[in-house]
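Enquirer: Spelled out, the chains give:
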Amino acid sequence: MRRVAVWFGASGGSKHEEKTMKLGALVLLAAVFVGGAAHADRLDDIKKAGVLRVAAFDSNPPFGYVDEKSRQIVGLDVDYAKAFADKLGVKLELRPTNPANRVPLLTSGNVDLVLANFTITDERAKQVDFSVPYFSSGQQFLAKKGVLSSPDQLNSLRIGADKGTVNEIVLRRDFPGATIVSYDDTPFAFTALRNGNVQAITQDGPKLVGLLANVPDKENYEIPAFTISNDYIGVGIPKGETALVEFVNETLTELEASGKAQEIYDVWFGPNSKTPLPRLFKIGDAKTN
Amino acid sequence: MDLSIFGLASIYVEWLLWGFGVTLLLSAATCVAATLGGLVICAARISPLRVFSIPARIYLAIFRNTPLLVQIFFWYFAGSAIFPTPLLDWFNNPHTVTIAPAGTTWLSFKLPSFEFWAGFVSLTFYTTAFIAEEFRSGLRAVDAGQREGGLSLGLSPALVFILIIVPQATRHAFAPLLGQYMNAIKNSSLTMAIGVAELSYASRQVETETFQTFEAFGIATILYIFAVAVVEAIGELVQRRRDRKYGRGAVT
Amino acid sequence: MNFDVVWNNLPYLLWGAWPQGPLGGAALTIVLSLFSGIASAVIGLVLGVWLFMARGIVHTVLLLFLSFFRSIPVLMLIFWTYFLLPVALGFSVPELATVVCALAFIGGAYLAHGVAAGLRSVGGGQWEAGISLGLGRWRVLRLIILPQSLRRMAPSFVNQWVALIKDTSLAYVIGVPELSFVATQVNNRAMVYPAEIFLFVAAVYFVICGALDLVAGAVAGKEREHTRGDKAAKTAS
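Protein chains in written order, with our numbering: chain G, 2 to 290; chain E, 0 to 251; chain Y, 2 to 238.
Chain G extracted, bound-state conformation:
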């Protein structure tokens, strides 16, 4: 017990927890502020350092995954990251991330950008800034054939989701009857599905298509043709870095205008790719929901 008492004591006595908590937050805020002032502009820092640090997925083809031959992270998100680094004329440094680490990676300043199938939400926008959307997808499900055909069934199923995703939050909010088990990353959830621990898994449609394309026995699984929400994917940027946001948005618009965005899309989702999907959303399109 002694130890607990002092744990509180270290921050000023257990009766004044709340007060000290606020004080602590203030000190923290001051530290952030001072820190922020020292790094007035991240874009300049990136140019000065000559390195752009980007968090990308490492297990989610075709957005970001480790290529078996080259042992490097590749994918659609990585191609966009490369385009940013090239335009800045700096080196690209990729950090692998899982869904749950994306926001903390930005708020802690450990990366400059997150390109990891990052859905734009109001809640997240309070913590981090987003670029204009560069990809759009709907939340879908993957299940063994014949298990799932309509959203009504979701309330009675055990469903695997990814920790720290919007999918998880939407499912918990809209289908309170469903039992949700959250995993570190989509392939973990898929293994749980394969082993029968969950009856369906949920993710953005294109990610599920990409996953299924690499499953050795894909004929046993299906992605039922309904979506429960429509998501817009943007680049995650540390809060308050207006110059960096501007740079990213400008570059995205240029990539679309020059046809480079279409090129990147076709590499990963084009008709000759492993996961052909029609391109319904272009950078600059108005959001439809």
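Take these hints with a grain of salt, some might be off.
Claimed, not checked - These stretches of chain E come out as covered by chain Y in the derived footprint (C-beta under 8 Å, 3 or more residues):
1. 65-77
2. 185-193
3. 213-222
What the hints assert, rightly or not - Label-pair distances were calculated between CB atoms; the ranges are:
4. E:ILE81 to G:ASN156: 30 to 38 Å
5. E:ARG56 to G:ASN231: 57 to 65 Å
6. E:THR84 to Y:ALA204: 23 to 31 Å
7. Y:GLY137 to G:GLN73: 58 to 66 Å
8. E:VAL31 to Y:PRO156: 24 to 32 Å
9. E:PRO85 to G:PRO217: 21 to 29 Å
10. G:LYS127 to Y:PRO156: 34 to 42 Å
11. G:ASN156 to E:ALA99: 40 to 48 Å
12. Y:LEU11 to E:ALA140: 43 to 51 Å
These aren't lab readings, by the way, just hints derived from the structure by calculation.
Since the structure is predicted, the reported quantities are computational estimates derived from the model, not experimental observations.
Idealized CB from N, CA, C, for every residue including glycine.
Dock chains E and Y against chain G, hints included.
Expert: Using the frame of chain G, we list chains E and Y on its own:
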């Protein structure tokens, strides 16, 4: 009931407390099973029969020298290949146990899901190996003279072991055993990797929904320290009572 | 069992994307273990000696400091240092440094107690002898007590280092591409060979930990030859 604390909304504190409950349940179950397992492995390890001692040695070497995380991944992901299908199906389908004597439901609860069992199995196998070694060093700490004394009193070797050696060894092994229990509490946090909804998992979930990282991790950390401190306090209490009973010199 | 998946990814599992990218896999596990092992030994020795020599309030504070690191799960400490420390400090800490720091402090906290216990185990007569020779407390410690007790502490150092090697696997949670992390990447891609992949990974850790054990055993064996009849050394084996 309003549980909000540190500016974290009540519902999220509830999530954390649920997670804490799972942590306690998981680690308590692990401690019980691993103590029994530890006794068995320890007995096999010190057995003069090689059929017992060699497998025990192999078990100890493997489970002590590989990371728990890898063991957890192994049991969870490779579990379907190892466990027979009926058992796996049973684990995967939620079960409700109802105790209803004379038609009235007296107690009804849901059995935990597969990831809980996978976490329990991996934690138990891991902790068993460490507890077995604590028992063994407890036995070694008993002075050889004690055994000779018992034998010279005319007791059989088995009786000497049970009546003289084991009680003393238990006393020597007590503090290290509690140390392993504390490790079990802390180690249970690794099961979040396979989706067990324990405290660390809950803290990340709260963080996802609220982005109050500081509060979520802070409360979780305090709860862990609290649980470990309680085990330590129990240890001190028992130790003190025993010191009074046997005098300070009895436990070294 | 089909170990092709292991063979096909062997370079990645052993040294990650190196030399085209950062060092990873088993090689990074060894590097992390080495750094955190050395740092934990230094922290353990310094804090252990301090714990042994300190009295009163300093002793209590030190004890509480150590208790904190002994009661917090490694996973939680890694989260704190990686995601929250930068917010408090105002600059980011590289992930490798984060992991080494977290592991070194936890390992060091355990070792400090081992060191203090080892120092206590040296008889009071030694102290009296040293002080009667006119040496100060610190000099007695350095010249007489520490050299004797270091040998008795050796087993707890080895145990702690084995624990450290295993704990480097927790760097997985912040995306450090050490062995366990790259293994989950390979597992995520191959999807149907988890048993093969994790058995192989377990075997690699087993070899690394076993190698440390063997080296420590060989060193201890040599030591014992020098100190035949020393009861402490005999029971420590």
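Enquirer: A separate judgement is required for each hint: does it hold in the structure or not?
Expert: Each hint tested on the structure:
With 10 residues bearing a CB less than 8 Å from a CB of chain Y, the stretch 65-77 of chain E meets the requirement of three and the coverage assertion stands. Coverage of a stretch by a chain is defined here by at least three residues with a beta carbon nearer than 8 Å to that chain's beta carbons; for the stretch 185-193 of chain E and chain Y the count is 6, and the condition holds. Only residues whose C-beta sits within less than 8 Å of a C-beta in chain Y count toward coverage, and the stretch 213-222 of chain E has 4 of them, enough to reach three; the restraint holds. Hint check: ILE81 (chain E) to ASN156 (chain G), Cβ distance near 33 Å, so the stated range 30 to 38 Å holds.
Taking 57 to 65 Å as the suggested C-beta distance range, the pair ARG56 (chain E) and ASN231 (chain G) conforms, at roughly 59 Å. Taking the beta carbon of each, THR84 (chain E) and ALA204 (chain Y) are about 28 Å apart, inside 23 to 31 Å as hinted. The beta-carbon spacing between GLY137 (chain Y) and GLN73 (chain G), approximately 59 Å, falls within the hinted interval of 58 to 66 Å. At roughly 29 Å, the beta-carbon separation of VAL31 (chain E) and PRO156 (chain Y) lies within the given 24 to 32 Å, and the hint holds.
With their beta carbons about 25 Å apart, PRO85 (chain E) and PRO217 (chain G) fall inside the hinted range of 21 to 29 Å. A beta carbon spacing of about 52 Å between LYS127 (chain G) and PRO156 (chain Y) contradicts the range 34 to 42 Å that was offered as a hint. Under the hint 40 to 48 Å, the C-beta atoms of ASN156 (chain G) and ALA99 (chain E), about 27 Å apart, miss the expected range. Separation of LEU11 (chain Y) from ALA140 (chain E) is about 45 Å and conforms to the stated range, judged on CB atoms against 43 to 51 Å.
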